[in-house]
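Student: If you read the protein sequences in the order shown, they are chains A and B.
In this text, residue positions in the first sequence follow full-length UniProt numbering: the first is 1, and each later residue adds one.
In this text, residue positions in the second sequence follow full-length UniProt numbering: the first is 1, and each later residue adds one.
There may be inaccurate statements among the hints.
[Said to hold, decoys possible] Just so you have them, the derived chain B footprint on chain A, three or more residues with Cβ under 8 Å: (1) 28-38; (2) 190-203; (3) 226-234; (4) 258-272.
[What the hints assert, rightly or not] Calculated Cβ distances over 12 Å to all of chain B for the following chain A residues: (5) L56; (6) V70; (7) V111; (8) Q130; (9) S144; (10) V155; (11) K161; (12) Y279; (13) E281; (14) Q287; (15) P324; (16) K326; (17) K369; (18) P373.
[What the hints assert, rightly or not] One-sided and incomplete, this derived list gives chain B residues near chain A with beta-carbon spacing under 10 Å: (19) Q125; (20) G132; (21) N140; (22) F225.
Since the hints were made in silico from the structure, they are not lab data.
These numbers come from a predicted model, not from an experiment.
For every residue, glycine included, the Cβ atom is placed at its ideal position computed from N, Cα and C.
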Amino acid sequence: MIKLRLALATAALSLSMAGVAVADSVTFGVQAPITGQYANEGQGIEKAVKLIAKQLNEAGGLLGKDVKVVSCDDEGKATQAALCGRDLANQEVFAVIGSYTSGATAASQPVLDRANILQTSDGTAEQLTQKGYKLFFRNAPPNSAEAEFTGEYLVNAKEYKRIAIIKDHSSFAKGLGEATAAAVEKQGGNIVFDGFITAGSQDYRSILTKIKSENPDIIYFSGYYSDGGLIRSQQASLNIDADFVGGDANQNVKFAEIAGGAAEGSVIINVPAPANLPYPEAKQFLQDYQDAYGESPPSIFTLTNTDGMRAIVKAVQETESFDPEKVAAYLHELRDFPGFTGPLGFDENGERLGSAFQAFEVQADGTYKTVYPQQ
Amino acid sequence: MDIFLQQLINGLTVGSIYALIALGYTMVYGILRLINFAHGDLAILGAFIGLTVITGLAGSGGAPANWIVIVAFVLAVLVVAIAGVLLEFTAYRPLRNAHRLSAVVSALGASMFIQNGIMLIWSPQTLTFPEGIMPQTTYNFGSVVISATQIFIVTVSLLLMLALYLYVNKTRFGTAIRAAAIDQDAARLMGINVNKVITSVFILGPALGAIGGLFIGVYYRQAVFDMGWIYGLNAFIAAIIGGIGNIPGAMIGGLLLGLFSSLASGYISSTWQQAIVFGLLILILMVRPTGILGERVADKV
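Given the sequences, and given the hints that come with them, work out the whole structure.
Tutor: Below is the structure:
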């Protein structure tokens with residue numbers, strides 16, 4: 001009888017332990033454009049998050065829990081992004097990394113917030129951190145900071161006299177373009193053209209011909225690399241003798257590939273490129289990424305998102321808690337965390353603190369050279 | 001004036017590509033009264049086949065030799081023509097006697113099938129064509145710039161359209177095509193093999209579309225799996241503007257659409273370009289419901 005009881009007790013114990021083992025994992029969600037126009041960026045974010053999870057698991061997990069990753073492809077579209085938010089919430093993820101575009105991020109924010117899930121995104125549109133979502137953290141500097149720097153660079157550093165500005169209709173590019181125009185005017189610059197393209201329409205010769213008649217000495221484009229590369233190459237084919245400066249979303253290996261021979265000499269404004277990151281942790285991670293996937297991350301946003309995830313991991317370890325509110329409270333106080341993309345912290349709205357912009361010139365071999373501020 | 005001329009050249013280049021693709025819509029509609037929604041995707045398939053041939057034969061470094069480019073065009077045309085015939089055989093022929101709407105649904109399904117097939121084979125990413133496929137020479141007239149690529153695209157398109165026009169209007173088989181377009185039953189009574197005519201239309205249309213698609217590839221040096229939809233839509237509009245079912249109409253419609261888009265975004269607003277183009281479509285259809293060269297009123301679907 002005693003034997004039987006013992007056997008039953010053992011069985012019950014092993015059952016309950018099995019139960020613990022199942023619950024003993026924490027899931028991070030990736031919401032990113034894994035297919036579609038920005039597939040390159042989305043896949044980079046997914047790969048980096050999986051790599052961080054693998055590294056955490058090899059070091060014994062997060063607070064002893066196995067780290068799992070589930071992904072949802074939002075195709076860079078708002079409609080799909082809202083579905084992704086719901087899908088990830090149903091899978092009871094602890095935190096969501098992404099999305100890449102501001103539009104897709106804005107669409108999933110309310111869904112994730114309602115489900116009490118932490119979210120970190122590189123989306124740089126101002127309004128993302130102005131909606132009062134307490135669990136949202138922006139891991140890249142906002143448009144306004146970049147616009148200030150761009151205005152300073154165009155008007156004071158390069159002393160351009162006739163500035164043409166092109167935007168697209170995405171919430172990110174429109175916001176950045178408008179903020180940049182405002183910053184240029186504040187510095188006393190002269191804008192001779194300010195207009196929109198339709199992203200993905202491939203033919204920008206008409207608008208460029210119109211710009212040509214305004215005789216600009218610089219064309220600034222606030223949108224994404226796939227259009228930026230085409231604008232630069234079509235500008236060259238129309239013999240428009242003006243410099244090209246692109247916003248941060250042009251900083252992608254595909255920019256030079258699409259622009260071809262015209263890429264050389266174009267300038268891109270962003271936080272330092274992955275390969276130029278001076279921090280030893282960043283160099284190590286880039287090496288690990290290279291070893292795991294046989295390629296470099298597509299852009300700096302892979303790393304800002306990685307930094308967002310690492311900050312959340314750090315907060316979990318410090319607070320020894322998976323309570324989203326406690327983690328968020330810690331992150332709002334975080335200062336000078338050694339991120340791959342520079343010292344990192346968040347203000348009370350979840351806005352990224354720290355990191356400096358630079359202007360890079362694309363070289364003939366496709367690498368970047370920092371041209372401003374001079375080092 | 002220079003600006004205007006430059007916009008004309010920009011518009012003419014895009015317009016001749018639209019015209020090449022529009023021919024496929026109009027020929028199929030002429031014979032079968034069917035809008036082949038998969039046609040834009042077939043055209044883009046041509047761009048991807050061409051890209052694979054060029055990168056496969058030339059490697060990644062340096063400008064590809066001329067013979068490689070010619071092989072790329074020939075293979076793109078062959079493969080897409082075969083795909084066109086297969087499409088007709090699998091997606092449209094079984095529905096030949098079914099309700100018209102069933103065939104439209106089948107066409108939309110075929111479009112998605114081809115688009116997703118391209119995505120699975122060539123990846124969802126934006127692929128880039130190597131530089132130097134076309135001569136990089138540009139010619140300056142005052143401040144107007146014309147590139148050799150633009151001259152090549154416009155010339156080849158016009159020659160192909162002329163050849164098609166002569167083929168349909170001056171040859172025996174062309175007469176059979178026109179006869180089948182007017183009345184299939186009567187054509188059959190006259191001893192015309194209507195099935196053969198339909199197959200020939202599904203060879204000619206996609207073949208011209210493939211050249212149009214590869215032109216898009218070499219002109220913009222970019223190929224994305226889902227761009228067939230927007231080019232297909234524009235070419236379809238071009239076919240309607242010219243009078244769907246009418247071959248010279250598709251040519252004129254394509255050129256007009258290209259010119260008009262270019263002038264609209266150059267002189268009015270690039271934000272409103274699509275709205276202006278659709279406005280033009282509505283205006284033309286109000287004045288001439290059958291399109292510019294359309295002769296007969298199309299059957300109501």
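Student: Of the numbered hints stated previously, which ones are contradicted by the structure, given in increasing order?
Tutor: Per hint list: zero violations.
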